[in-house]
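These protein sequence lines map, in sequence, to chains A and B. Start counting the first sequence at 1; every next residue gets the next number (this note's numbering). Start counting the second sequence at 1; every next residue gets the next number (this note's numbering).
Mixed in with the good hints, there may be bad ones.
[As the list claims (entries may be wrong)] Dumping the calculated DSSO-like pairs for lysine-lysine here, alpha-carbon to alpha-carbon at most 30 Å:
{"#": "1", "chain 1": "A", "residue 1": "K228", "chain 2": "A", "residue 2": "K2"}
{"#": "2", "chain 1": "A", "residue 1": "K75", "chain 2": "A", "residue 2": "K109"}
{"#": "3", "chain 1": "A", "residue 1": "K109", "chain 2": "B", "residue 2": "K10"}
{"#": "4", "chain 1": "A", "residue 1": "K109", "chain 2": "A", "residue 2": "K228"}
{"#": "5", "chain 1": "A", "residue 1": "K79", "chain 2": "B", "residue 2": "K10"}
{"#": "6", "chain 1": "A", "residue 1": "K51", "chain 2": "B", "residue 2": "K30"}
{"#": "7", "chain 1": "A", "residue 1": "K9", "chain 2": "B", "residue 2": "K10"}
{"#": "8", "chain 1": "A", "residue 1": "K9", "chain 2": "A", "residue 2": "K21"}
{"#": "9", "chain 1": "A", "residue 1": "K75", "chain 2": "B", "residue 2": "K30"}
{"#": "10", "chain 1": "A", "residue 1": "K9", "chain 2": "A", "residue 2": "K51"}
Since the hints were made in silico from the structure, they are not lab data.
So you can see what is in the structure, the chains are spelled out below.
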Amino acid sequence: MKLFVATRKGLFVLRDSRIEKPHFLGDPVTAVLQHDGSLYAALNLGHFGVKMRRSSNDGATWEEIAVPAYPPQPKSDEKTPWKLVQIWALEADPAGTLWAGSIPGGLFKSGDRGATWTLIDSLWRRPERAEWFGGGYDHPGIHSICIDPRDNRRITLGISCGGAWQTRDGGETWNIASHGMYAEFMPPERRNDPNIQDPHRIVQCASRPDVFWAQHHNGVFRSTDGSKSWQEVTAIKPSKFGFAVAVHPHDADTAWFVPAVKDECRVPVDGKLVVARTRDAGKSFQVLGKGLPQQHAYDLVYRHGLAVDASGKHLALGSTTGGLWISENQGDSWECLSTQLPPIYCVRFAD
Amino acid sequence: MLDEQGELRKHVFVFVDGQRARLSNPVDEKSEIYVLQALTGG
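Required output: the full structure, derived from the provided sequences and hints.
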């Protein structure tokens, strides 16, 4: 088993329960992708901005590739600078096209392994973008890119805070796809506006791609109609706030979450780090804590800090306080790999 | 040091002859340009 762990201070690789020497030690790594024999890493250097690296030899050496860039900003009242702040999502479709989601809300694609990137103008120029806003960051951002395994022209995005957006034609046209979500923090008349929702993370079931799960700022939501409509899953426990979600690739009814107290108190409930699992489409949840710290745990798990492998058996969990755990039995029990890594942004299983 | 809009990045400061400068500040052959990366954090 091999796992990539992107952290505030480097990219770590876990191989057979051993943490190897880190790549980019000291540098924030915000996203990592393995595709077609290459590794991609998005760095966010404090002084010199975002940098992209690619390795064709499993990380033995890295080369610098192009960084997605915004076009010249026209003069307007817009408050969002057209400047790349962070790569927040990195995915590849079966045709080999790379997709990058960014803060401040631009989606980019590359058909040449990152040598060049193109901003998806059709989304960036949507007038609705003016209503998006940052959630936790200064500007809105695309953190989830779900590419439909049946048809890679169908792509669903999760945006904090800009709801869910979907294309069915490879990015030519876009539709809002977050009807049914609600935002408690908004003025009442805007509560159900799909364009200002804050889905913290959206995932799509590989074997039943019409099923999506979302951990939203205000709770857990599920869609069974390809993101046309969303229904709240109220049985989640011990709390409904959180960032991460993972769905079983072969069983759309099985999903995992990492609840925290609430938005004003982003720590595990009662100091116990737990994973909530449903096996019945959200009707009921098991609270799993075996092997996870059950007292004085203040770990938060970010959007990409929970991952499931292609088999649906192995899970990985990485926290902001540097805890890393894996489970080989769908979360029934967990093994601790470290409690002292740098803050973890993203865990991702290798192919 | 510059972003895609041609502006100095957020955490980069430039001094010309010891004075905090903007990109529009004139320099001559003898000017000393000092670039400081100003960022803190754990």
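Right, here's what the structure says about each hint:
1. K228/A / K2/A: Violated. K228/A to K2/A sits at ~35 Å, over the 30 Å cutoff.
2. K75/A / K109/A: 25 Å, holds
3. K109/A / K10/B: The hint holds at about 26 Å.
4. K109/A / K228/A: 24 Å, holds
5. K79/A / K10/B: Holds. K79/A to K10/B sits at ~16 Å (cutoff 30 Å).
6. K51/A / K30/B: Violated: K51/A and K30/B sit about 33 Å apart, past 30 Å.
7. K9/A / K10/B: 20 Å, holds
8. K9/A / K21/A: Distance ~12 Å between K9/A and K21/A Cα, so the pair holds.
9. K75/A / K30/B: 36 Å, violated
10. K9/A / K51/A: Roughly 14 Å separates the two Cα atoms, so the pair holds.
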